[in-house]
Amino acid sequence: MKWAGWCLLLAGLAGCAGAKKVELKKEAIGRFRVGVPEAVKAASRSQRIYGVRVEAAQLGAWALRMAELGEKVVSRPTMASGVEAVWYRQASDLILEARQVRGETAVTIVRDAPEGKEAVAERLSGDVLAAYVEGTAAGFCIGPGAIRMGPSLSESVRMVWKGIGNSVRVEFSTQTVTSPDTKTFMDVDEERGFAGLAGGSFAVLRERNRTVAGMAGREIWITIGLPGKEPQVRFTWHFAGVGREGTKPKIDIVGKSGTSDRAALEAAWEAMLPSIETVPVK
Amino acid sequence: MAKKHTVDWNKVDEFLAGLETTEKHEIEVRREAIPLVFVPGIMGTHLRRPGTDGKGEDADELPNLRWSTDTGWMLSNLIFACSDGARRRSLLVGTPDQSFDPNYLEVDEDSPPGDGFRGIMEDYHKFLKVLREHDWGLLSKYFVLPVYAVGYNWSDDVKNAGTYLAKRIDAIIEESRKVTGLCEKVILISHSMGGLVTRTASEISGAQGKVAGIIHGVQPVTGAPGAYWRMKAGFEGFNSLGLVQRALGNDGPKVTAVLGNIPGGLQLMPNKVYQTTNQESEWLTVTVDGNAVKKLPENGDPYAEIYRIKAIVHPKKGENPSQNIYWGLVDPELLNPEKLSPEGGDAHDAMSSELDKAWDMYLQNLKLAETLHDELCPKGGVPKQHPHTLTMTGIGHKSVSVIEMRVESNWVRSEPYPNQGFRGFFTDAAGKDWQAVLQDPAEIGDGTVPWSSGAALETAERPKPGDVRLEAEHQPAYEDKAVQAWAIEAVTAMVKQRYHEQRKGK
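Chains A and B, in that order, are what the protein sequence lines are.
Residue numbering for the first sequence follows numbering that gives the first Met the number 0, starting at 0 and increasing by one per position.
Residue numbering for the second sequence follows numbering that gives the first Met the number 0, starting at 0 and increasing by one per position.
Worth flagging that the hints you see were computed from the coordinates, not collected in a lab.
Do not rely on the hints blindly, as some may be mistaken.
[As the list claims (entries may be wrong)] Computed footprint of chain B on chain A; a stretch qualifies when at least three of its residues, placed anywhere within it, have a C-beta under 8 Å from a C-beta of chain B:
{"#": "1", "region": "108-121"}
{"#": "2", "region": "207-219"}
{"#": "3", "region": "227-237"}
[Claimed, not checked] Computed cross-link-like contacts, EDC-like style, restricted to lysine to aspartate or glutamate with a CA-CA straight-line distance of at most 20 Å:
{"#": "4", "chain 1": "A", "residue 1": "LYS247", "chain 2": "B", "residue 2": "ASP345"}
{"#": "5", "chain 1": "B", "residue 1": "LYS366", "chain 2": "A", "residue 2": "ASP92"}
{"#": "6", "chain 1": "A", "residue 1": "LYS71", "chain 2": "B", "residue 2": "ASP100"}
{"#": "7", "chain 1": "A", "residue 1": "LYS182", "chain 2": "B", "residue 2": "GLU121"}
{"#": "8", "chain 1": "B", "residue 1": "LYS397", "chain 2": "B", "residue 2": "ASP479"}
{"#": "9", "chain 1": "A", "residue 1": "LYS228", "chain 2": "B", "residue 2": "GLU121"}
{"#": "10", "chain 1": "A", "residue 1": "LYS247", "chain 2": "B", "residue 2": "GLU337"}
{"#": "11", "chain 1": "B", "residue 1": "LYS54", "chain 2": "A", "residue 2": "ASP92"}
{"#": "12", "chain 1": "A", "residue 1": "LYS116", "chain 2": "B", "residue 2": "ASP479"}
Just so you know, these numbers come straight off a predicted model, no measurement behind them.
Positions of the beta carbon are idealized from the N, C-alpha and C atoms, including for glycine.
With the hints as extra help, turn the sequences into a complete structure.
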């Protein structure tokens, strides 16, 4: 869901002369809302709840999708009223794909299942579809609305933005965990070792604890230069998550760019992190 | 103007009929091409999504080039990306809804592949250049030795890779025949897992008659307990491994999310005839105060006793003694990191868990591994190999021949998967906490393959230069000068063998 853009005054952006205003728009994804610069474009997004991939699709895309699946379709189950669904085979996998138009949105789900468990998959996916509420950012957000379920033990989201400078890419991802992930993006040993083996340079620009939306995470900025390639900068913020808690998944925010776009990345980063907030479960 | 004639090299001393004495004749001796075909090890081939040229990204912002040994690619996609097990799995296996699909990836090469160099890891090019530039002396009078590389989808069943290689051998022979007019056989040179692929192509996929000989370097003939070690603990530290191996991950969860989901990875595990450097078939031990209290496989079947056992790395609360079997190869929770087991969840979590098929798919992949192992190295039989085989085994580097889980008391530890390590936790009858700590490699080999496996094809009757054991590290083995010299001698021996076969009785 998109809210009206609002402004955030940022001061002291490294590499920039003076303060700079970054216009933000809000994106709700999963259990969170993130402010992203107006200039960026969502390059991809995906959401899974109870292991069911769910997304807001374009109206009218179903016919195209069916044509694409063609002979892979093995059956067309009857689900709830208004739900179009097919089972299709993709290599050894049996996959259920269903769609329901809700208001201005076509909500699609995808879920795999072992042979003989089709009814369970249809019931689970049907419940996910039925729990969709248009025009809200409470629940598990998929863009124009949210799934009012859970929180589930198997939730994950991933969204990628591009469009600032030539090389800036920012990724926001969350994933429920069995226990806190205290390894990913918590140190720079792997990166330092990689640079060393590749005969490149490596430097830590920032390494500190940083709380975002009340969650104590780890922020690390590094730069790596490899022979013959433009040096790259990477900013990460990692929250380890709480084991088996759907509303407290591990969170990774990864921003990267060539060093020539570092100032733009920094501006976007410093605008985005303070803007992150959790959304109500119900 | 002389009249031109072409005579195959092995028929130059035969009577050439029909030459008119009134004309000048020019006889061209047609040399025979014997392509040298290099087959790399696991992770040594660049892989892409089929239907793409390996450039750009797909709708999920994942690269179409799914595996490359280029440092820039690794930086962008493994080191700079969210490089956990889920990410690695999504690159090589697919989305969480997808299980292993042999058609998910293909070799990133030109069409037609040409010499095949583009599809394989750049580090191999150094050795291929040595082969290409070598002066073969007198042999050059009769033979041409063009150099090719055949990459393959190493995530797939080695049997499929073998079939693919057999087809490429046909195409290479055909192509070489077009150039020289004479080509019947190739010589295969394998590195590591490429040894299994070349033996499969030759002995199972029917290419034996088109292969003059196979030169194997650092092949895990009977498997490598190091593969088990890495599934549990990640790839070892920077000193013993290059970038490529490191890229698969430095802890068990990262590695299992990939190798546990692809048959190619499982086919590197010790097979049913694996023996340790002490010639014992039990290669997994649990020790207390230096004494082995458990030795597996007890019945010579690691599939039943280790690989098909679900690893449970934490004891259940209040279970004294706990029955958790931490030594099982795969912790099911690690196979599909985005789908969690339902403990503590709601009814929908239970439904989701009921649909999870990661373990069943793992068992299917394992079956492929077992089938290949049983065919290549039948229990009680002789390992299949080409009649003209030469092997090089790497020594001088600490390798895993025996897995040791050393039991220690546990006061504070709770993380089973630290970087480059593994701890299995359990409780005794009195409720005391213990940990079984995976020990570091300590025996002789090339750093990955113990000599007992690398040398499992050795026989005394080989022609010179024979089967050898050289101080060589696993991944860069063919960059070693002594290994290169041996490989060139081995090629020379096989070409000479071809010469004598063709000149038999002349």
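Hints versus structure:
For a cut-off of 8 Å, the count of residues in the region 108-121 of chain A with a CB near a CB of chain B stands at 8, and the three-residue condition holds. Counting residues of the region 207-219 of chain A whose C-beta lies closer than 8 Å to any C-beta of chain B gives 0; at least three are required, and the coverage claim is violated. Coverage of the region 227-237 of chain A by chain B holds. Counting CB-CB distances below 8 Å, 3 residues qualify, and the rule asks for three or more. As the CA atoms of LYS247(A) and ASP345(B) are separated by approximately 16 Å, the hinted pair is consistent with the 20 Å bound.
At most 20 Å may separate the alpha-carbon atoms for a hinted pair to count; LYS366(B) and ASP92(A) meet this at roughly 17 Å. Restraint check for LYS71(A) and ASP100(B): the C-alpha separation of about 15 Å stays at or below 20 Å, so the hint holds. Simply put, LYS182(A) and GLU121(B) have alpha-carbon atoms about 31 Å apart, too far for the 20 Å limit, and the pair is violated. A C-alpha spacing of about 17 Å is found between LYS397(B) and ASP479(B), which places the hinted pair at or below 20 Å, so the restraint holds.
A distance of roughly 17 Å separates the Cα atoms of LYS228(A) and GLU121(B); the hinted pair therefore holds under the 20 Å criterion. The straight-line distance between the Cα atoms of LYS247(A) and GLU337(B) is roughly 15 Å, inside the 20 Å bound, and the hint therefore holds. A hinted pair counts as satisfied when its Cα atoms are at most 20 Å apart, and LYS54(B) with ASP92(A) does not qualify at roughly 27 Å. The suggested pairing of LYS116(A) with ASP479(B) is violated, with an alpha-carbon distance near 54 Å, which exceeds 20 Å.
Hint compliance for this structure: hints 2, 7, 11 and 12 are not met, and every other hint is.
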